[in-house]
Every structure is written in C-alpha cells, then in structure tokens.
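Protein chains: 2
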Amino acid sequence: MNFSSKLLEQAVNEFSGLPGIGQKTALRLVLHLLNQDNADVDKFTFALLNLKNNIKYCKQCHNIADHAVCEICLSHKRDRTLVCVVEDTRDVMAIENTNQYHGLYHVLGGLISPMDGIGPSDLAIESLAERLKIGEIKEIIFAISATMEGDTTIFYLHKKLKNYDLKISTIARGIAFGGEIEYADELTLGRSITTRVPYENSLMR
Amino acid sequence: MNFSSKLLEQAVNEFSGLPGIGQKTALRLVLHLLNQDNADVDKFTFALLNLKNNIKYCKQCHNIADHAVCEICLSHKRDRTLVCVVEDTRDVMAIENTNQYHGLYHVLGGLISPMDGIGPSDLAIESLAERLKIGEIKEIIFAISATMEGDTTIFYLHKKLKNYDLKISTIARGIAFGGEIEYADELTLGRSITTRVPYENSLMR
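Quick mapping for you: the protein sequence lines, in order, are chains D and X.
If you count by my numbering, then the first sequence holds residues 1 to 205, one letter each, in order.
If you count by my numbering, then the second sequence holds residues 1 to 205, one letter each, in order.
Please keep in mind that the hints were generated in silico from the structure rather than gathered at the bench.
No copy is singled out in the list; a pair is fine if it fits within one copy or between any two copies.
Computed cross-link-like contacts, EDC-like style, restricted to lysine to aspartate or glutamate with a CA-CA straight-line distance of at most 20 Å:
(1) Lys-56 x Asp-42
(2) Lys-159 x Glu-149
(3) Lys-59 x Asp-91
(4) Lys-59 x Glu-130
Let the hints inform the model, and build the full structure from the sequences given.
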C-alpha cells in the first residue's frame, strides 16, 4: 500500500501486527480512531497502557485479576476440592459463562509447544504441583483443546500428577448439541459412540 | 462476558468500540497485546497518539499528509488540469494503486448524509469551488461510491459546479473484470448494456 503519510503508515503497521488484522482492516480501524475526539483516543490508549502496566495475575490460579488473589480463589461458595486446568483466561470466562462449574481453576498460561519453543517450565505447572501438595484438592479436570499441543500438555500433566491421590478427568468430547451427525468428523463421531452415556444421564437438567 | 479484571474489561470495551470488532475479537487482541513486551505496547500506543496529535491534512486536496501540502499536489509529473473527487484517503490509495491516474485529487472527507447529520458544509466542497476559481482545472472526475449518500453528493456537486467551464465525468460502472454475468445485479448489468463501449476501447492496454 502507498500511504500518503509516514505517521499513518506507522499506525497501520502497528494495528496490522495484531492477530487476524490485515492491512486494509488496520487502515479502517486507524481512520476510525483518527475521526474520534482526542479524548476518546487518549482513553483508548490509556486503557491499554493501564492494563499492561497494572495487570496482576492471581498468586494461586494465575488468572488475570485486579488483586493478588482472584475473586474465584477467594470465594467461599466454591468447591475447593475441585480444580479445572485451562490454557488461558478466555477458557475460564467460557466455563464461567456456562454456570455449570463451581470449583477453582488453574491457568497454565499456554500449552506445551516445542515448535514455538514453549516447554513445561514456561507454563504454570510447578505451581499446580505445589497446590496439590497442600492436599485439599481431590479432583483435577483438564479443559484443554484437543489439539496436538493440548494433547501433549495433558499427557505431560497426567504423568506428573499421577502419583498424587487424585481423580483426574477431561471434559467430554462428542457431537455438540444442535450438531448434525452426518457432518461430524469421524474421530469425534467414533469416540462419541465408544464413550456413550446412559440415556438417563444424557438428559438436560 | 464476565471479566476477572476491571482493567481487562476496560481495555476490551475500548477495542470492541472499533468498527467490525466484537467483544470476543477485542479480547483476543487485548490478550495478544498483553503477551507482548512493554516496549511493543508502548510503540503501538505511541504510533496511534503520534498520528492523532501530529496528523496534517493537505491544504489543497485535504488528503492525509506529513506536510502542509501533500506529495501528489506538489508533484510536477501530475496533470494539474485533472482532479478526481473522492470520499476519503482510502479511495486515493486505491486509485493510486491502479497506476492509471496521473491527475490531482480532492478529498471530501465524507459524503452528504442527512441521516447522520452530515451536510455539504461539513465536507470540503467550498474549497473545491475555490480551487476551480483559479481556472487551472479543466476536468473533474467523480470517483464516489454509487450509494444513496454517494449519489446525493454527486448530485449536489454537479449542481454547484455546472457554471464552471469544466468537463465533468464519473468513473464507469459495469461488470467487474472476472465478474460472472449470471451473478451480476440487474441494475449494473442493465447499465453495462446501455453504456456499452466500442470493442476496440474495451481492450486492456
């Protein structure tokens, strides 16, 4: 693209470095911000810098938090014997939105991915082991994407945690509610048959 | 969405105010920036603030520029008798990319849209009339989208400019190269027949 201004080009290049944002979209976003009041643009950049400079991660579960320990870890209404292990804060938000889970979380902060140079020591795995040593936790649920990196991470975690007195489970895989069987991939469909559940258990409550 | 942090929520809300960015995309962008180095985030916000605070618009054509008059208006290789009237800087960039146009531009900064409260006085229309009074310009090309707002703007401009000794034209409408005739809308297809061009003129040069 031929920009009529170096300043414009720099701003567009910064925006097009964001995931899923190409140069045309970046230009649209930058021109939108350029048409806003100075105060609005200041608010935009302040919110970002404020987040970046003042962000805290919960000491216990490593989720993004406003204080040293997050609200979920502090809550007395939560089942403290149950911990759901997830990749990042988006997964916590997705699970919280279901209103079906009342235990605690442990946010790994990524998945093991040798291709990207991310090993176990880059993730919050040691601190999970530390939490387990206290002995309060009785069950671990892995809610991790069924990708190469996800499976590698689950495999590593399972090996590391198997000596603790724990129930270890993963979220159920299968055909989504509303999903059409004819369009399901063979792996999911095959597994959904071998891991079939009694009819009474399948009813929504 | 339930955010675990007020700071995160504020940043996501700012990003989801951008056109075409929903809350989930905004969260993805914010978490991406959160994983970057402080220096990278500073560079991102600096590029935006620098653009916003130091942006200049060409005195003559109103395109975004780094100096008081833009490079196109200053260029001696340009045909100064020809002016292409466009909505905004994105249209200038699109036309420049074709390498088919060697005249000057006039950037209106929007289109007449009574629904959005944008009238002729909000656009750079008076300054176009001022440019014409100098008498150097012989032809005006309207390269404006064929929407309701675009047509209104062209109609208004045409009325305003008809007393000048000018050739006034609009860009050709028709079936795009590579476009399939069976999928073209009736209006475009119908017009492409009534405004047909001699075969020799249709050959690419």
